[in-house]
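Asker: Here are the chains, one letter per residue:
Number of protein chains: 2
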Amino acid sequence: MAFSPLVDELVESLRCLPGVGQKTAQRMAFHLLEKGRGGGERLAGALSAAMTGVRRCDSCQNFSDTPICPICEKPERHTGTLCVVESPSDLLAIEQAGDYRGGYFVLMGHLSPIDGIGPEDIGIELLLRRVRDESVSELILATNPTVEGEATAHYIADRLDGTGVLTTRLAHGIPVGGELGYVDGFTLTHAFRGRKPLTD
Amino acid sequence: MAFSPLVDELVESLRCLPGVGQKTAQRMAFHLLEKGRGGGERLAGALSAAMTGVRRCDSCQNFSDTPICPICEKPERHTGTLCVVESPSDLLAIEQAGDYRGGYFVLMGHLSPIDGIGPEDIGIELLLRRVRDESVSELILATNPTVEGEATAHYIADRLDGTGVLTTRLAHGIPVGGELGYVDGFTLTHAFRGRKPLTD
Ligand SMILES: [Zn+2]
Ligand SMILES: [Zn+2]
Chain A
1 MAFSPLVDEL VESLRCLPGV GQKTAQRMAF HLLEKGRGGG ERLAGALSAA MTGVRRCDSC
61 QNFSDTPICP ICEKPERHTG TLCVVESPSD LLAIEQAGDY RGGYFVLMGH LSPIDGIGPE
121 DIGIELLLRR VRDESVSELI LATNPTVEGE ATAHYIADRL DGTGVLTTRL AHGIPVGGEL
181 GYVDGFTLTH AFRGRKPLTD
Chain B
1 MAFSPLVDEL VESLRCLPGV GQKTAQRMAF HLLEKGRGGG ERLAGALSAA MTGVRRCDSC
61 QNFSDTPICP ICEKPERHTG TLCVVESPSD LLAIEQAGDY RGGYFVLMGH LSPIDGIGPE
121 DIGIELLLRR VRDESVSELI LATNPTVEGE ATAHYIADRL DGTGVLTTRL AHGIPVGGEL
181 GYVDGFTLTH AFRGRKPLTD
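Top to bottom, those sequences are chains A and B.
Residues 1 to 200 in UniProt numbering are what the first sequence spells out, letter by letter.
Residues 1 to 200 in UniProt numbering are what the second sequence spells out, letter by letter.
Some hints here could point you the wrong way.
Which copy is meant is left open, because identical chains are indistinguishable; a pair holds if it fits in one copy or across any two.
[To be verified] Taking lysine to aspartate or glutamate pairs in the EDC-like style, the calculated list, with each CA pair at most 16 Å apart, reads:
1) K23 x E9
2) K35 x D8
3) K35 x E95
4) K74 x D58
5) K196 x D161
6) K196 x E9
7) K23 x D161
8) K23 x E148
9) K23 x D65
10) K196 x E41
11) K74 x D161
12) K74 x E134
13) K23 x E95
14) K74 x E12
15) K74 x D115
16) K23 x D90
17) K35 x D121
18) K74 x D158
19) K74 x D8
20) K74 x E95
21) K23 x D99
22) K23 x E134
Since the hints were derived computationally from the structure, they do not count as laboratory data.
In this text, all values refer to a predicted model and were calculated from it rather than measured experimentally.
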């Protein structure tokens, strides 16, 4: 830009955000400079603190400010059930639903031989150690319903074969409140196969 | 979020960016933490430097790191012509087109009585002083073709009435490379009224 190296650098830096191209970065920079300097300074501080201070929980691998995250710290969450998810946002969605009260393990990815991502890269040994040491009785494999997510779930289930640990997958079906006409064919097939007798 | 106050604060802070809601802020925060810590730290520094260091040019009101911006500093841009725009992004678009070589004045807004924005809020006295002191001969009123932009242009033109300063507006018409069928009716009417004889 012809007029300010500081603005140039701000626009360039904003492009590290996902989904933010040149035009959007420029709009963001101008917005902050024109009417959001307080917000911009707050964001600078939050970024700096998070980039340095956020680590991975030694127990569940989720983001945490402390060696053991607040969820793993709670004795009442040690119910003998662990829910395995691919990412912190999956964990967050489950926490926000508010019904599940057990522990978690966050893979931060999935197995992907094509990208060179093997079991050790997503912490599967740590997971198996926890299952053993904490006498976990059920492992809910809540990886995504994608090829890689399914393969990752099956790999973990295979590794637990013969240990007596119950491995489960989340149910597929019609989303609650969803309209049948908008549900894709795969989901509909799953919903038919998983149909249940009507009781009251 | 149940697991990290630092992540919570980062997500909240990202929402000061225009067009960024809760979900997008979350996705941005996780992306930076997972694979963009270097970029996140660079952004923290750029934000902090820009929020403190970027000021307004004393001559044209555009963003600048110095009291007088690099464009106003250049003697060759003092051509006796000033282009009046509403925002730094308008100036940038004109600079990127690369053809205009005169000076600028950035209003950082437009007249808007309903929002209590009068001539003094957008620096019109400073503009008129420059026109007088720098013996400007033409003022290109490149405010937006909106009700407020037109009103602002007319207000400035009225204030210069009788001074002999030429005030001009940008031409309206078919965008270069645009398809006639996609051009709106107002633009088409303008393009018809502004038609020119074909010469080679
Ligand atoms: Zn944890
Ligand atoms: Zn200037």
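Asker: Hint compliance check: list the failing hint numbers for this structure, sorted ascending.
Answerer: As far as the earlier hints go, 2, 3, 5, 6, 7, 8, 9, 10, 11, 14, 15, 18, 19, 21, 22 are violated by this structure, in ascending order.
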